[in-house]
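Peer 1: Chain by chain, the residues run as shown.
Protein chains: 4
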Amino acid sequence: MSAIPFALIGAGVIGRVHARNIGSRPDARLRWVVDTDAPRGNALAAACGARFSASVDEMLADTSVRVVVIGSSTDAHEAHLLACIRAGKAVLCEKPLAGSLDGAGKCLDAARAANAIAAIGFNRRFDVHHRAVFERVRAGAIGTVESVHIVSRSYEASAPAAAHRAGGLLREKGTHFYDLAFWLAGSEPEEVYAAGGCLFDQGYAAYGDVDTAALTLRFASGALATMSFSRRTTYGYDEMIEVFGSRGMLQSERQRSRGVSFYQGDKVIADGIHSGWYERFAPTYVAELDALIAAVVAGLPADPGLADGMRAQAVAEAAVASLRQGKPVAIPNVWQEV
Amino acid sequence: MSAIPFALIGAGVIGRVHARNIGSRPDARLRWVVDTDAPRGNALAAACGARFSASVDEMLADTSVRVVVIGSSTDAHEAHLLACIRAGKAVLCEKPLAGSLDGAGKCLDAARAANAIAAIGFNRRFDVHHRAVFERVRAGAIGTVESVHIVSRSYEASAPAAAHRAGGLLREKGTHFYDLAFWLAGSEPEEVYAAGGCLFDQGYAAYGDVDTAALTLRFASGALATMSFSRRTTYGYDEMIEVFGSRGMLQSERQRSRGVSFYQGDKVIADGIHSGWYERFAPTYVAELDALIAAVVAGLPADPGLADGMRAQAVAEAAVASLRQGKPVAIPNVWQEV
Amino acid sequence: MSAIPFALIGAGVIGRVHARNIGSRPDARLRWVVDTDAPRGNALAAACGARFSASVDEMLADTSVRVVVIGSSTDAHEAHLLACIRAGKAVLCEKPLAGSLDGAGKCLDAARAANAIAAIGFNRRFDVHHRAVFERVRAGAIGTVESVHIVSRSYEASAPAAAHRAGGLLREKGTHFYDLAFWLAGSEPEEVYAAGGCLFDQGYAAYGDVDTAALTLRFASGALATMSFSRRTTYGYDEMIEVFGSRGMLQSERQRSRGVSFYQGDKVIADGIHSGWYERFAPTYVAELDALIAAVVAGLPADPGLADGMRAQAVAEAAVASLRQGKPVAIPNVWQEV
Amino acid sequence: MSAIPFALIGAGVIGRVHARNIGSRPDARLRWVVDTDAPRGNALAAACGARFSASVDEMLADTSVRVVVIGSSTDAHEAHLLACIRAGKAVLCEKPLAGSLDGAGKCLDAARAANAIAAIGFNRRFDVHHRAVFERVRAGAIGTVESVHIVSRSYEASAPAAAHRAGGLLREKGTHFYDLAFWLAGSEPEEVYAAGGCLFDQGYAAYGDVDTAALTLRFASGALATMSFSRRTTYGYDEMIEVFGSRGMLQSERQRSRGVSFYQGDKVIADGIHSGWYERFAPTYVAELDALIAAVVAGLPADPGLADGMRAQAVAEAAVASLRQGKPVAIPNVWQEV
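Chains as they are written, first to last, in the numbering used here: chain A, 814 to 1151; chain B, 814 to 1151; chain C, 814 to 1151; chain D, 814 to 1151.
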């Protein structure tokens, strides 16, 4: 089998991660790097032995390209997704799906109409620890899921303006975890309550954004998820999940960077958690690509797909509204096929 | 110094714990056991070498009694507290403080007017693990507290009717943790949102009660606490606390009953958490008594005292209202001296 | 049932532990405290409401005394044990059994001839963690025991002269762990190799003693135990056991004093192990007394008994010889009834 | 910089690991695969885009080859090493260095005479956990090293004949850990005592080999290392290290395959250790190759090098003698340059 031709839109941090992962596979080949920033795009293309273009259309005109990874800025996702789907490509789009719920809906409709293989970059689902929890929940190890608790605390806070451009805490960070909570609870989200504030940097307030949040998500099954978010810690990237059910509890534990303990004085000092999200989750980007390639080869739908992206985005919009209104907000089910 | 004369009102489960702990101290002596159930009260009195009475008044007439431990049913707390305070006794009252916020307020007013040594039985504050977390938070180890997460899951669910008589999940279980959250956050609670449902036993619904709940508490400082409650687990009594701040995170870990691990197959099977709350927290009842005796000997206020009980009760009433109304409810500050 | 009358020989550190534990039981009563140091003995007797005597014979003449706890210095054990057994008392003797293997043998013979209830103070067997490991090994959880590893490191080193008087590292510390290894391996010890040295204090060398040792014990079953001893740590009293068998591995983990973790910087800083052996093992002295009283009440042999003390002492003498000779030394089986 | 040309001798399990790792580096290129088993060698060569030869000489005649990785059978190491060194190649030789101490000595002499870059495949030194312990020991975190304990238990036992061909337990498994112990103790080994037996398979006895062993290693500094080896477990590949010193203790903990815990009944069931040594140590082969390439590029000696291989082999021969003779055996220092 010859290698599957890939294109990449966006040569930023996450784009470079995808380029490296595509490059390390014998069954994939990166043909194009597209970026509006020509020097950046050219540099990555050169390093990968790919062609550079500033134009998505030029790349899409190359009929040999089968898969496009979209790592452009969030507000460009909609246009890029629609163009790729129209051109008959399989896609992997970074989250969040689009800059607005409407835009996300158009993408989802287009993908459904075209029967496209369209994946959303919810890489957390590919973490071996989280996935092992998921599989056991599905296998019935804990019976019926009754509650979920998710901690996600970034290591370094984005500056307020950049954070706003990325959608704010409840969209940028949140979508990952709304999706995880749905995936683990095995039930559709119906209502969200978001409390939050600027506890360490008032700068976010100017954008209606927060640095700290606590969320409650209610699912159709009655299960409740709580989430605790922060934009920064002093001890690394902190992510942890507990799923409690009628027959037991499963934990995806905090992961430490090294298994070293030091006994001294009245303390046992262990090496701590990973310093950043990438150090913690690098393997998930590889696994996500594996899953996409497997779907492309088999001609099967992507999982998670655009409907999952749409669901998370609907939760995010309701969470933003809840934060503003100070009360729980119902989540309209806009992701289910009618 | 001769032993301090104690009386005990209530010879139920918790009354027997207090009787045993008083009996094991050389500096305390249990003189009276009062209970409306004569056989039960007589039996405990006999076992402890104390006198039995069915009448609180008869016991209070014994001017040698210095301290009364109130372990009667919740709806009797108010009358017993008022009588003891009027009689000039020091008291330790089991939580919740009273059957209603009004009743609790009367007790608090009476205690303040009489300058009584009046303790509330928030035994969790005396757990060595929780207390070590508290002390480090106060010492500034994690900087400013930004969020708190508390898990409390009972091992065996009370039947719906009994649970209702005890005040329901948000009062009976909740008051312990509203107090802990305040204590750890170091700030007064202002608003609470309670979500919950009957996920495994619809019988609670008839009483407006739930078996599962998720709460969000907002403090004056802006700090947010989340709580995850359940009426039962299949794996023991589950309690865990995380306090996150601007300079680090402190955890009061789940406690295992034994430090034994078994490596077999692809698992490491460790001895689990304690089977029940008493197995987990037995030492706290001893420590709580120590603190009370120290206060009595020194003539100092009890800590935690009735104002702490009043605060927790105010949160509980707001939480119950929130659950009913489906939105956050403000907590009137009724515990502060004006 | 009236309380069992006890006497205590030795009012030192360990004697005071026993006195306190006897005093806290409703079914036991300390009648006598015997010590050659009259002020010390008198003080303890007074505190316990017991009579003091400088004479073991005077105490033994009190026919009401049923049980004697021997906490005198090691070189006095033999005389005290023989006198108590002759007087028909049940005994609990602190380890090591006697100052010499010959002396230990005489005690064992006397106890066997008299059919005495005679316990040896191997308190480690009463640790709930160690005992849970033992019970699962016996229940077959790990199949056939193939190897055992034991760590024991004291917190504070005894001064060389005092350490020598207590028998040296391989006797004083060692006997606990030779007994544990036998108990866990379920097989008689046949050969021992002891390596060691003065790694931090040359003062022990003057007495032929060491501050650090590594031992290998071979059992009749072929199982091998390794032990790592030190006279001091900078991080508390360190004890840990691993038992490896044909079907799995069991661990009696290091016990931490508190379940508190602090996340900061690139570390997770947990509260460490107990500062001293007493903090770690206080409950075992209570459980050891429970077992003795149960044996006395039922008229059953003590477990562990003097034969266990004799075995451990035989291993100790062989270990001392091995250290001196620099090669493994066979352990003559002097503890089995012929 | 153009890619460094590599050759590989041996297309077995470990050879394939090296081939894959060389192939994944942009700065290295596998040119030759040499094996006496032509189908096996050809297959690997084809998969890697390398040439195959059954002849080491043919490969060595290719002057472009700079580095040779020797993964042939142990008895062939000597001839292959000498030939490569003579041909001026840098080498990485799998452990043990040679089939005999004499043979190992010839290789070491040749490498010294030629000033060759000659690495020995002690991959454990490249484990991030072990290495972090090493670096902190070197940095003085635990003061002076006083004792070391190493556990190594294979998951699946080799059959007796194959185990014998590989040198037996004390050579094949042992050399890794004699080297680790030296590396961590920071002192030369002087004496070894090996006890062992056939506890689960008498088949090893026919070859003078064992399935279970306990070793004590004494270093020039006085430090003592204990080791506990087994040929199989029922719970995965088990490796753990503790280094105890005058100022603390460092642990390279058992590594679990996943950070998932399941609370059910009276147990906490965690995902266990890795099923095999390769799953546990795969990254170390990559890191070992990184270090070799860095040495080749910089023209610096390899670390660990042949002298380290020679030391470990000398310990192994003394351990085998100790096992046979039943007493400690001195280790002649044959690895130091005179």
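Treat the hints as calculated values from the structure; they're not laboratory data. Keep in mind the model is a prediction, meaning the values are calculated, not measured. One should not assume that every hint holds.
[Stated by the list, open to error] Below 30 Å or equal to it, Euclidean Cα-Cα: the simulated DSBU-like pairs (lysine-lysine) are: (1) 1140(C) x 1140(D); (2) 1080(A) x 1140(C); (3) 919(C) x 1080(B); (4) 1080(A) x 919(D); (5) 1140(C) x 919(C); (6) 1140(D) x 1080(B); (7) 1140(A) x 1140(B); (8) 1140(B) x 1080(A); (9) 919(B) x 1080(B); (10) 1080(C) x 1080(D); (11) 919(A) x 1140(A); (12) 1140(D) x 919(D).
Peer 1: Of the hints stated earlier, which fail here?
Peer 2: 2, 3, 4, 6, 8 and 9
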